[in-house]
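**Student:** These protein sequence lines are chains A and B, in that order. Take 1 as the starting number for the first sequence in the working numbering and just add one per residue. Take 1 as the starting number for the second sequence in the working numbering and just add one per residue.
It is worth saying that the hints were derived from the structure and are not from the lab. Since the structure is predicted, the reported quantities are computational estimates derived from the model, not experimental observations. Everything hinted at is true.
The list makes no distinction among identical chains, and a pair is therefore deemed to hold if it is satisfied within one copy or across any two copies.
Calculated pairs, PhoX-like style, for lysine-lysine (alpha carbon to alpha carbon, straight line, at most 25 Å):
hint, residue 1, residue 2
1, 38, 121
2, 388, 38
3, 567, 121
4, 567, 418
5, 38, 567
Protein chains: 2
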Amino acid sequence: MKAWCVSRGWVDGLFMVLLLNFALTTEARAQIRHYQWKVDYLYFSPDCIEKVIIAINGQYPGPTIRAHAGDTIVVELQNFLPTAGVVIHWHGIHQIGTPWFDGTAFVSQCPINPGETFTYKFIVDRAGTFFYHGHIGMQRAAGLYGSLIVDLRHGEKEPFAYDGDLRIAINDWWHRSVYDQETGLISIPFRFVGDPQSLLIEGRGRYNCSLVPTSFVLGSGDCVNCNISNPQCQPFVLPVEPGKTYRLRIANVASLSSLNFILEGHKLTIVEADGYYVDPVVVENLDLYSGETYSVLFTANQDASRNYWAAINVRGRKSSTPTGLAVLNYLLNPSSMLPSTPSPVSPAWNDFDYSLNQSKLILARKGYEVPPPAKADRELIFLTTQNKIDGRIKWAINNITYAPTSTPVLAALKYGWKKAYDLNPPPDYPSRPFNISAPPPNVNAKFGSGVYKFQFDSVVDVIIQNTNTLNPNNSEIHPWHLHGHDFWVLGHGKGVFHPATDSQSYNLKNAPLKNTVAVFPYGWVALRFRADNPGVWPFHCHIEAHLHMGMGVIFAEGWDRLPKLPKSILGCGLSKFYIP
Amino acid sequence: MKAWCVSRGWVDGLFMVLLLNFALTTEARAQIRHYQWKVDYLYFSPDCIEKVIIAINGQYPGPTIRAHAGDTIVVELQNFLPTAGVVIHWHGIHQIGTPWFDGTAFVSQCPINPGETFTYKFIVDRAGTFFYHGHIGMQRAAGLYGSLIVDLRHGEKEPFAYDGDLRIAINDWWHRSVYDQETGLISIPFRFVGDPQSLLIEGRGRYNCSLVPTSFVLGSGDCVNCNISNPQCQPFVLPVEPGKTYRLRIANVASLSSLNFILEGHKLTIVEADGYYVDPVVVENLDLYSGETYSVLFTANQDASRNYWAAINVRGRKSSTPTGLAVLNYLLNPSSMLPSTPSPVSPAWNDFDYSLNQSKLILARKGYEVPPPAKADRELIFLTTQNKIDGRIKWAINNITYAPTSTPVLAALKYGWKKAYDLNPPPDYPSRPFNISAPPPNVNAKFGSGVYKFQFDSVVDVIIQNTNTLNPNNSEIHPWHLHGHDFWVLGHGKGVFHPATDSQSYNLKNAPLKNTVAVFPYGWVALRFRADNPGVWPFHCHIEAHLHMGMGVIFAEGWDRLPKLPKSILGCGLSKFYIP
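Use the sequences and the hints to build the structure in full.
**Tutor:** Listed below in structure tokens is the structure:
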């Protein structure tokens, strides 16, 4: 003890030197990674049927960004689309200090106009499996997305071992254009695009060309040239060496679908969710909701003389869409050797208990827990309902359907442009009693663009309460995604959330941190986050159609702490009149 | 004489009083006409096949604007498209004093962003048959157009008599989306959308539903629900009373096609072209090129017990597209009584002499001639060629393919933003010897966004020289349209324009004033105009695909005389950084 006391000053000094050295080293090693992207339309055949997609540098999916935590990403994006604006959201990146580069049209920035070049520049603040995607209209569903993988800072180590690092983005795919899909959503009567035609693994699937009319010719529509030997729709290949262990990173970038992932004959150990280590859980298959990312470990410990299916199936909605398939390729088998085994089968689409139970398995990894604050400063209860406005079907939160502004809300708050959005904040609680088990008695909602403003550094609870849709005996999964933050998932429940009792069961010990979480049919989920990131942040259902139908809100905190905004994000709506 | 001299002062005074009175009267009568437009996608079936169109207030074609010369048109346009910008060009309106409301994206203004409301406000300076249409990407071809009819000032009279005033806009129609069409134009290899599926008269045609595969289902593409009893595709009806004479206004708003109009059994007397009276000519049928408008008179002097076809056929391109048909309905026959006679047949598609001869018939009406200035201050010779850039097919003028800027050129010139466009003006003459009869030996062109700047009030001649395309033995019709001005058509010719000799044959007496004129295959056309309208004005081929492929130039004059520009037109490109 004495020696310790005597040497304390010296030890402290050494610690500081080491810390400084470490900081300098990592600082010195932190890189600036430059990318130049050209966004344009492209004919592409992800499932062997050709259609117009939105591609980056002629690629689909877009180029993978890979960086180390602490690196700065610089993306110079030039928009070559003839009429449409573009933005890119960096899903899971917190944009600390750069909320204007969050890439949400009319929230963090104006759309990048045709012909313009816009430069995103931000630090990837932590390691994990992320992705990026368009965040205006339904451009993600048109193909505008890619992987964003952040490795640990140099010198840091993962708490699990693996020999190889693989990644896939998984999604659903329609032959109708997103313009057509968007039009259906605003039509009276409502027209839903229906089941996806295909499920894609890393942008590849396979449609049954015999389903295409033989007389289907150029000039008759958007989908032509069904050709199953097209290289663009050959199954994606995951190459593995027998006996080795792999980390497989999976991002669900789907427009709509909850997807169940299976690696035929191989168990999966979940180790990461949305960029955080989770307590390892071994599962036969993995549910991923749109907006979620996971890392799983698996060992190539099966019969090495054959290949295996990597498969995705729709969950949560009754669907006729065939299984999406990729090939787990045991080297040295040829990658073209398709398994003769049938497509793997997932749990029943409506086995919601299975889904709920798997969600409850996701907990912070021991030793890496970041316990949530013990209590919240403010509680929001979001009654999410399907409604109508002027005869059009919408989604609403406490009876408000989000109507996008034409001015970036970030600028409106920062500069006090009061005509740019609804000054009345939307309600913290449902405005009237409700019954979640039946269609709403009064279906009419109201448009709003109000903002939930939080005291800086305050702790916020959000309870999302799911309900019956406009159709009797129907309630849908909604994966809610928060920008600029992660939240602790305090608990899931069935039926109506009862504040007094249900809050007693919150997990305050090893609640997982996530940026996306699903609320299940007729259920609720409770989240907590700290409003400590100055900016304006959407919180919304990650289903493209649902967001397009108004299922989102805007959170904001600390906007008065921000410096002058870059002019590059302005120019639309009122900002052209007021640019400071 | 003496009395006259004595009374001169009094007569002058009376004249001034009358003039003032007239001015006050017309001034007092000049109206402000307000319109509120919502632009959005809509499922529509113009030819019985349903697809997504761009509609105004749920209408296709868009609402007709009808005004008197001198009236002020105010259009508040709100853009409901989820991702695309919108602008509206008022085709044939000079925008004197309001060049910022000419409605050309990135020339006169920034696109109107999704969610924004933009107000156009301009005076219709003269009477005539005009139209309006989208002028970004290929939005006109997506259905974004309508008629703009300007009647004479109150108290003025037409130099011809008629009992009724009818109007139609005619165009070509594809089932593929314009996004698909645009993608084809930038693809390698080039993919042209091919023949239109239908020809429409006032937005209505009829596709043969038996050509649609029976197994063609929702989810397979953009075109569905072929239904020939759909009211949206019933033939347009032109109702007439037997024995009466009608003025029929026709606007060719086609994306591509030169269209020949026939009124079965009725002769047509051409009386107006592009808003100017022309010397009356009687024709059996009328060629109209995209961007042209005409008025014809006809008398309902045929057997009144039946109806007749109004018909349009493609000219200038070999086409398999069926005749577009409307019904000339002799009252009191039912309008549903379709003629049993076959569809009218137009001159052979490649009878270019017919086309040329008809163009030469169009001359200024006697007594209304406005002779062109005797000579020009500057002469431009535009060698228009089909070329390639980076393997993509383009069109070029003197080897420059127009590349749109991302900043409105009007603002760039007015405010001296030199980085916003190419400061080097494009060449006044072809840069090297050429052979118009064969594909160009060196196919490569260059992108450019330079501006032809004219001394204010100077007289400019433009000779457009047509050439062989990249394919042997092929040369195409190009209808050239000038914004902000009309031009005198001094002459048409075959083969290569020879300045010394061909200029001798210019019509300086009764040359017609027009805003659009066709140059025929392997031929030339010579135009003259006075650069007396301060602003920045595109001059381009009116074929959507050709403009998209760079077939245009920018003219400018007197921009330094303009007042501060409205901020509403800014916000894109460099303007967001420099907004004054």
